[in-house]
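Chemist: Letter by letter, the chains look like this.
2 protein chains.
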Amino acid sequence: MDKKSPIQITLTKRDEAVTITQWVYSTLRNAVMNGQILPGRALTIRELATILDVSPMPVREALRQLAAENALEIQGNRRVIVPKMTAMKFSELCEARINLESHAAARALPYIDNEKLAELIALDKEIDEAQDNGDLEQITIRNQRFHRRLYTANPHQVTLPLIESLWLQLGPFMKLANSRLKEHYTIDRHNEALEAITKKDALALQMAIASDIREGFAFAGTPELLYNFIEQAAADAI
Amino acid sequence: MDKKSPIQITLTKRDEAVTITQWVYSTLRNAVMNGQILPGRALTIRELATILDVSPMPVREALRQLAAENALEIQGNRRVIVPKMTAMKFSELCEARINLESHAAARALPYIDNEKLAELIALDKEIDEAQDNGDLEQITIRNQRFHRRLYTANPHQVTLPLIESLWLQLGPFMKLANSRLKEHYTIDRHNEALEAITKKDALALQMAIASDIREGFAFAGTPELLYNFIEQAAADAI
DNA sequence: TACCACGAAATGTGATCACAAATAAATAAA
DNA sequence: TTTATTTATTTGTGATCACATTTCGTGGTA
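Those protein sequences? They're chains A and B, same order as listed. Yeah, the first sequence ends on 249 if you go by this note's numbering, and it's all consecutive. Yeah, the second sequence ends on 249 if you go by this note's numbering, and it's all consecutive.
Calculated from the structure, these hints are not laboratory results. There's no promise every hint is true.
Since copy identity is lost for identical chains, a pair holds within one copy or between any two.
Unchecked claim - Straight line, CA to CA, 25 Å or less: simulated SDA-like cross-link-like pairs of lysine to any residue:
hint, residue 1, residue 2
1, 95, 167
2, 211, 102
3, 136, 235
4, 210, 132
5, 211, 236
6, 100, 131
Let the hints inform the model, and build the full structure from the sequences given.
Modeler: Below is the structure:
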């Protein structure tokens, strides 16, 4: 593995209303989320500043924020890297997701009225559309939007930032997990969740969310499969 | 409530080996944790820099990091404040703690050998000592150390940062919660937890942790009690 | 060939400065 | 006295620079 492998970051137009730091932050966040940066690859402030065509200052702030969200890792030597994934860590992240997200879903349930339910149904339909088009990126985005909308139905909710941190750490795997949706579409977990919501059945909702997450990551059920995927993802990233 | 109420931050000696940013970070973190900064009070970079006798730069970085950990809140106007607590939010934070920490405990259980168990027993004894001395600050610190040691027994654990974020948001309430330990010492939940560990009983361990957390915050069982405490804490902070 | 030492380049940290936006203060109008 | 409006001050953002530490490349030694 080349230590100086080139970093290919998708650049989006910068909105003038947003600060440079925020733009850099979301740009780097997407890069991590899409697996565009190799795990273990050292990220230097000046290099990123050059790539993004900004001064080092906003990059510093964005890196520190991402590190605080566990998306990046600050090593003892003060180097910043994308954390390396292991089979065990992957497993822990999945279990944490299942635990936290079914909790968040159950806590949101009492707040979901007909209007919000309709909104969720609409979001689910959008996922299906992206599914039909085979648009992986949109599937991931819309799937996250569905979950986010569900959890934030609870106006006092405090777990979404924690959940997003887990999503961020799962990063590139999220995309692949969502692509697997069609492979187990025989059991549509989102529909199950929506049914549970209409019945106000908290336990059924938790089960649906848990299954949704678990089945999505079933591809990495064994350490061998996960290892193969990590290797493949690394190869794709180059 | 005075908008320009003075900020009283406990200053500790700066270790030369540590960066200024890290020192500022932990100093501010403690200030938040101890409720030394009033919720809603605007924190300005330059003011803190003056108080801490450093340049604005390390303060900027520390504030951003604390905001990423949900310890501080960046408002739309780019002002940084300590988030205000509400009864509902408090309730959500407690439930999130119970959920996440019992999960973390159960996941750590398989990794706890006799050596680690002995360590936990020793830590528990230290809590009792602080309890006898009535040293509130030490009780909090050692209590957190006990929980942290338990969860980190799992070498692949990923939830501790999330748990610490919740601790940080609960902030000043943690201290009071721990002071309540003696009031329900008839049922020592840590002992219950240690027993469950020796029996390798995951469910019992989860129950013990859940009870430990729940009973600690029982003082804020009703919105009225919580409201009273918030008012009192605000008065004390001045 | 493998290992170590030394010098050069690169990097993170922190300070200072400029500027635009936001807040606070002061003045004018009702 | 209260409310608008203008002016003055403060504040966050971002750029640039200096310095100590780390990393890397080169050459020499076992």
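Chemist: Determine for every hint whether it applies to the structure shown.
Modeler: Outcome of the hint check:
1. In the homo-oligomer, the alpha carbons of residue 95 and residue 167 lie at most 25 Å apart only across protomers (12 Å), although the nearest pairing inside one protomer, at 34 Å, exceeds that limit.
2. Proximity of residue 211 to residue 102 under the C-alpha cut-off of 25 Å is restricted to the inter-copy arrangement: shortest distance 21 Å between copies versus 30 Å within a copy.
3. In this assembly of identical chains, the alpha carbons of residue 136 and residue 235 never lie at most 25 Å apart, being 35 Å within a copy and 43 Å across copies at closest.
4. Taking the shortest alpha-carbon separations for residue 210 and residue 132, only the intra-copy value of 15 Å comes in at or below 25 Å, while the best inter-copy value is 46 Å.
5. Taking the closest pair of Cα atoms, residue 211 and residue 236 never come within 25 Å of each other, the shortest separation being 37 Å inside a single copy and 30 Å across copies.
6. In this assembly of identical chains, residue 100 and residue 131 lie within 25 Å of each other by CA distance solely across copies; the values are 24 Å between and 31 Å within a copy.
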